[in-house]
Amino acid sequence: MIIDILSWICLLSGGLFGVVGAIGIHRFPDFYSRQHAVGITDTLCTMLILLGLALQAGMSLAVFKLALIFIFLFLTSPTASHALVNAAMHSGLKAKLGNTPGGDKS
Amino acid sequence: MYIAVLLAILVTLGLALARALIGPTVYDRIAAINMFGTKTVLLIAVFAFLSGRADLLDIALVYALINFISMIAVLKLVEYGDFHSPGKDSVGKPKVDSK
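In the order they appear, the protein sequences are chains A and B. Each residue of the first sequence is one higher than the one before, starting from 6 at the first, in this note's numbering. Each residue of the second sequence is one higher than the one before, starting from 83 at the first, in this note's numbering.
Read the hints as simulated data drawn from the structure, not as lab findings. It is possible that part of the hints are untrue.
Label-pair ranges, simulated between beta-carbon atoms [to be verified]:
| id | chain 1 | residue 1 | chain 2 | residue 2 | range |
| --- | --- | --- | --- | --- | --- |
| 1 | B | His166 | A | Met6 | 30 to 40 Å |
| 2 | A | Lys99 | B | Gly96 | 26 to 36 Å |
| 3 | A | Leu49 | B | Ala86 | 34 to 44 Å |
| 4 | B | Asp140 | A | Asp9 | 18 to 28 Å |
| 5 | A | Lys99 | B | Ala136 | 22 to 32 Å |
| 6 | B | Ile104 | A | His87 | 39 to 49 Å |
| 7 | B | Leu99 | A | Leu73 | 22 to 32 Å |
| 8 | B | Asp164 | A | Lys101 | 45 to 55 Å |
A short list of chain B residues far from chain A (calculated; beta carbon distances all over 12 Å) [as the list claims (entries may be wrong)]:
| id | residue |
| --- | --- |
| 9 | Asn116 |
| 10 | Asp140 |
| 11 | Tyr145 |
Predicted model, so just to flag it, every value in this text is computed and none were measured. Backbone N, C-alpha and C define an ideal beta-carbon position, used for all residues, glycine too.
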């Protein structure tokens with residue numbers, strides 16, 4: 006029963022973080038801040054949903070497969086974010102800076 | 083309850099696809115497609131539990147692998163224009179082909 010409740014909390018908060026990230030990808034002004042929203046919520050949402058599913062599955066082969074997906078996404082999702090931002094930096098894409106005192110007025 | 087999570091993931095997929103369509107730079111599009119791929123893995127995993135067929139998790143695993151490889155491949159294509167150039171090191175100097 007407690008495991009059930011924990012699992013549903015994980016699943017629902019994972020879905021919530023996914024939607025928050027998707028809103029962030031539309032609300033933020035430029036590529037780098039969008040990548041911040043995507044990179045953080047993507048990893049967290051994935052972890053929470055997979056953890057919730059693993060709690061539902063109990064001890065079975067499904068848990069092993071979920072753990073494999075978990076480990077793989079845990080390694081590749083930040084790597085992909087880093088590679089993407091690195092490629093954008095190399096190509097000379099500039100961040101949009103606001104009207105802060107030290108910022109570029111653009 | 084699985085349905086609620088499934089719907090949340092579908093909303094996320096729709097918003098990510100919209101960003102991929104309107105994204106001003108090519109990197110916005112790649113970021114949105116990367117997010118789309120990750121969420122598809124989750125969609126398949128949740129659907130496997132919803133329908134009670136645990137073998138669908140294998141497909142989710144393969145999709146996660148393909149998503150990462152295609153992401154890196156598209157990034158290389160965008161940055162260098164082809165798949166076979168040796169690339170640059172971290173300071174931007176071209177690497178010497180050892181062959």
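Quick rundown of the hints versus the structure:
Evaluation of the 30 to 40 Å hint for histidine 166 of chain B and methionine 6 of chain A yields a failure: the beta carbon distance comes to about 57 Å. At about 30 Å, the CB distance of lysine 99 of chain A to glycine 96 of chain B agrees with the hint of 26 to 36 Å. At roughly 18 Å, the beta-carbon separation of leucine 49 of chain A and alanine 86 of chain B lies outside the given 34 to 44 Å, and the hint is violated. At roughly 26 Å, the beta carbons of aspartate 140 of chain B and aspartate 9 of chain A sit within the given window of 18 to 28 Å.
A beta carbon spacing of about 48 Å between lysine 99 of chain A and alanine 136 of chain B contradicts the range 22 to 32 Å that was offered as a hint. Evaluation of the 39 to 49 Å hint for isoleucine 104 of chain B and histidine 87 of chain A yields a failure: the beta carbon distance comes to about 25 Å. The given range of 22 to 32 Å is respected by leucine 99 of chain B and leucine 73 of chain A, whose C-beta atoms sit roughly 27 Å from each other. For aspartate 164 of chain B paired with lysine 101 of chain A, a C-beta distance near 31 Å fails the hint of 45 to 55 Å.
A cut-off of 12 Å between C-beta atoms contradicts the statement that asparagine 116 of chain B is not in contact with chain A; the least separation is 6 Å. Not every C-beta of chain A lies more than 12 Å from that of aspartate 140 of chain B, the closest at about 7 Å, which undercuts listing it as non-interface. Distance check on tyrosine 145 of chain B: its Cβ comes as close as 9 Å (rounded) to a Cβ of chain A, failing to clear the 12 Å threshold; non-interface status is violated.
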